[in-house]
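Model the full assembly from the supplied sequences, consistent with the hints where possible.
If you read the protein sequences in the order shown, they are chains A, B, C and D. Counting in my numbering, the first sequence runs from -9 upward without gaps. Counting in my numbering, the second sequence runs from -9 upward without gaps. Counting in my numbering, the third sequence runs from -9 upward without gaps. Counting in my numbering, the fourth sequence runs from -9 upward without gaps.
Intra- or inter-copy, both count: the list cannot distinguish identical chains.
Result set (BS3-like, lysine-lysine): computed pairs, CA atoms no more than 25 Å apart in a straight line:
no.	residue 1	residue 2
1	K53	K180
2	K53	K30
3	K30	K180
What the hints contain is simulated information worked out from the structure, not anything from laboratory work.
4 protein chains.
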Amino acid sequence: MTDRYRIAVLGASGYTGADLVRLALTHPRIEIVALAANAKAGQTMAQIWPHFAPYPNLPVLVKADSIDFAQIDAVFGCLPHAASAELLSTITGPRIIDLSADFRLKDAATYAAWYGGAHPAPALLAQAVYGLTEFARDALPAARIAACPGCYPTAVLLALLPLVAAHAISADNITVNALSGVSGAGRSLKEANLFPEVAEAVHPYGIGHHRHMPEMEQELSLRAGRDVRISFTPHLVPMNRGELVTCIVETQHGADYLREVLADAYTREPFVHLLPAGVAPATRMVRGSNHVVLNVFADRVPGRAIVIAAIDNLVKGSSGQAIQNFNLMFGLPETMGLEQAPLFP
Amino acid sequence: MTDRYRIAVLGASGYTGADLVRLALTHPRIEIVALAANAKAGQTMAQIWPHFAPYPNLPVLVKADSIDFAQIDAVFGCLPHAASAELLSTITGPRIIDLSADFRLKDAATYAAWYGGAHPAPALLAQAVYGLTEFARDALPAARIAACPGCYPTAVLLALLPLVAAHAISADNITVNALSGVSGAGRSLKEANLFPEVAEAVHPYGIGHHRHMPEMEQELSLRAGRDVRISFTPHLVPMNRGELVTCIVETQHGADYLREVLADAYTREPFVHLLPAGVAPATRMVRGSNHVVLNVFADRVPGRAIVIAAIDNLVKGSSGQAIQNFNLMFGLPETMGLEQAPLFP
Amino acid sequence: MTDRYRIAVLGASGYTGADLVRLALTHPRIEIVALAANAKAGQTMAQIWPHFAPYPNLPVLVKADSIDFAQIDAVFGCLPHAASAELLSTITGPRIIDLSADFRLKDAATYAAWYGGAHPAPALLAQAVYGLTEFARDALPAARIAACPGCYPTAVLLALLPLVAAHAISADNITVNALSGVSGAGRSLKEANLFPEVAEAVHPYGIGHHRHMPEMEQELSLRAGRDVRISFTPHLVPMNRGELVTCIVETQHGADYLREVLADAYTREPFVHLLPAGVAPATRMVRGSNHVVLNVFADRVPGRAIVIAAIDNLVKGSSGQAIQNFNLMFGLPETMGLEQAPLFP
Amino acid sequence: MTDRYRIAVLGASGYTGADLVRLALTHPRIEIVALAANAKAGQTMAQIWPHFAPYPNLPVLVKADSIDFAQIDAVFGCLPHAASAELLSTITGPRIIDLSADFRLKDAATYAAWYGGAHPAPALLAQAVYGLTEFARDALPAARIAACPGCYPTAVLLALLPLVAAHAISADNITVNALSGVSGAGRSLKEANLFPEVAEAVHPYGIGHHRHMPEMEQELSLRAGRDVRISFTPHLVPMNRGELVTCIVETQHGADYLREVLADAYTREPFVHLLPAGVAPATRMVRGSNHVVLNVFADRVPGRAIVIAAIDNLVKGSSGQAIQNFNLMFGLPETMGLEQAPLFP
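So this is what it looks like as structure tokens:
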């Protein structure tokens, strides 16, 4: 008899799936039972991932439909959108922690508009909890499906939700500029993601229409009590991991007051840290860890402030938050398996 | 008798000075007569710079005060602020192309407020032309002093001046997010600029108070006909060169109209290129060259647009623009010595 | 009537082809008449390359077989091996500068053994001159086909040929370790070349069997007067461009003597520079330029020395050398179009 | 009463000291009691290190001489050479794990020749155990001082010691080429280590005279039973962490036999992994972890083989090995606190 929960990871050939496995490997109450990656079924993690070379004994990759889910306690879905909901909707036993976009949006019509197709399993939307852990603690323990937020929404919402909920900032004219490392683009074969196409340069993308916008607006609107629309421009920067969001907000209050609001919101949080006044968040503060750092600065323009947050897009922005949600869903200490200190340099 | 203009470069031990020399080396009407770098006087460029290893015969570095300026046609000042004006104000013969901040601001009081000390030579401010070439063609030929703009102002002003002048965008609520490579920080010994401190991470800096703000606001206010204050947040990204500015603006017009305004402004420009609709500017489009790429995108929020520009901070943002100004000051074709195509990958 | 030679570039969608175009753009005696890239025919260079965004008026890409070669003076072949010889063998008018491996090896059997297939046009091998410019000046002016060496052979042979020819080092026990930037791997879609797979790490590849070995051994054997076999281990490093070879050689002489031999060999060379004693070659000394830096150091082990050379793999290692050969083939000054100073930082 | 060993880390303001703290933070039997960094005494780790921003409650940095060593069980010395021995020789109570070079060499005269000064505490040399853990298990449990090897020696010796001890390779003509990330150069303020001086380029350094050579030769000579001298050329590559050594060796045996020897040597090792035949070691396989990957390849030259090993220079090459040695010295499971999986991408 084991005291470990048996998990399956679907999409173990992608960066989020791999980081899920990395974290699960040292989680004391997780046993990795099945790893699925349809296109690479039959290979091992050591064969498809350089950093699992020291771990040749992980389960061999299989096709998802060959897994006996009756033996599984929790399924982590790291599949592309649509494919995720299609597959996960067929799984009835285990609890689901989905890292795709498929269960984040409450409204199936919004999903269809942004993701280019009807939602494969709209009936399940009601069962899903938007898994921004710090704001979902009440709902997660009983959740059948935890829908882990996108990496950008994680950082933006952690930075802004307490401020919006406290009516400390306006829900209008929120402007977000985001920077992300390249792992956020996934491991798919695209010329634009080849090393020489990326290194030593930056560029914006998804300008005005990035898919993370509806979920950010969904959550902000919820707290604001009305429709919120934000300006959001992501940029790709030549680094593997890391994400930084710079939010220009309108406020009657000064930066100090906004810092107090965030301090109150996060003072007991194990992973969310308000930095000392004047210290700029940097992605190197949290690399490889589930930590979040944020701060508020006065803007030169009166009536505005600048709220900045930094995370690791693969950890708190994805797989670390998934483990964090798993912990709550299974009644474990929330920080279990997520104690890694950030890696620097 | 030579048909080359004799130049001196002050501050040849900094990145902008070095790039000035790089460009001057292949300029057909420039002869590099003197290179000054007080702390490294007596050494050669090949000794202090890796990329001048193939050029062991450049003039040996000297102290600035040992130069016989009567023999010089043009002095390029690549010194730190204050030191620049102090020294340049003693030079009466040659024409001056200054890359420091010292002659950019018209108002000596503003200079004092932002640069932490009284202006060393306020009497010269009136002689200086703000050297944003595309907007200074009338004044440069007769200018005694060309004050080359800062790297961030170059990109921001090229992106916004035509739009402000045409009243196509509001002069209010301009929000700029900027990204820059590390050469922008200079070659000074700071722990924060060591490779391991920078690589594989990003962070914002100078939040709300970057020194480039007053000159951007000076020029925008001039075209707007009233005081303009902008929000400006720069970020350091792990690359050597490159700069990208993302400007969120308020407008009654669509992105297409703003593109037309920029097209009109720049259609005959050799260095400023409006990209095809939908193509995102990227710093890799202009690396090592004097080119500028820009574009306008619709924002998701009604009444807004996103104007983006990319340059090489050391070339069009600094030394390339200096050469461009020099060409106009000396009646040479504006593109002379600046024909290098961008380097990629 | 034009005084420019009309060129066609085949394989303009690869990194070497693109760098060929970059250099040709500012060559005063070259007119780019045709650019071929079969898979991308119909697109423009500005569409497929970020750095040609400022050059929207280059010839539209076409299929190679649609070019009227009667109108072409010189064809630059930047195609993969085998494809190169197949196509180039059908072109009878223009002179050919081939950047592929197809015409480098004198022996068709060696080619077959290393490149996995019979040589498509063995009859042409005799017409080809091995285009290591500094050693091919006599043959190039009349050459029908210049076979530009591989990037690694360029650096290794420049470092060692004078020493072998002067019998200053042993032809036995030559051990080479090489480092290369990622552009050397080409622009093909391979998971291993995605940014996150490369950045922040190094690894060796082609261990003991890299395809550049036969041509290095061919040329070394020629000068040694007997068969030479070398040890060669390349490594991929996380940078776009650059190549450094570290050669451990056996010698009765000291490092100083070997430096003298190299000094004699290269003293009048415009592109090959022996660094001052004790100065380590670095790829940042030559980035983006056709320059080569090299040096010799004493090894701790008696009877050995360490010869090191650095180049830009796309320039002197490929397209710059191609232009250099073109210049000689067409009676132009050898440095024409190759005066760019290295780019740093 | 605590069941944690109380440690002091001297030199917590350097990269190895910081990584020691990172690992110690999650070690279940370590309590960090004192952190010393003389120049930064009075500051906190969160103030001097970005990645300790989430850990504001670590002990405040103090001067080493203010520590009451009677309260300390183990001292980790992460100081520069000479300074290390000077200070550590005054500490009599705790056991010492030294990461400097000061106690690695058995012969004080060799130390003086290579480190530029007489050894500050030669009497202690006999008490020191050369802490290459896999080869020091017998001696470590009783060791007063564990002298952790340099990063390069760690990788080279792990790759070669079993082969030399088994007389499977010649002790002559061992040629090593090494690649290292920039953290190996330390956090000191040197122009050469500024980001723009390093990024996008490589160069060799310490050619023929790197200080790690005597300890590599000491250990190889010990196993060979005679004096061994090796050729060793390190190179700096633009990455933060990682180290790869490529060793060309002479052997009568094939690569397969050498693989068998290494397999026998390391089959039960938790941290040293012989990769499957044909798989090249890569630093991305072990980033941020205490793992080591190695392999052997046939060389093209008969009678030779290529042995390659990759480590993280700060972990197995320094602080991870220090913790590994600590575990043995204090009777703890050897892998305790070192279970982190490598971080990728």
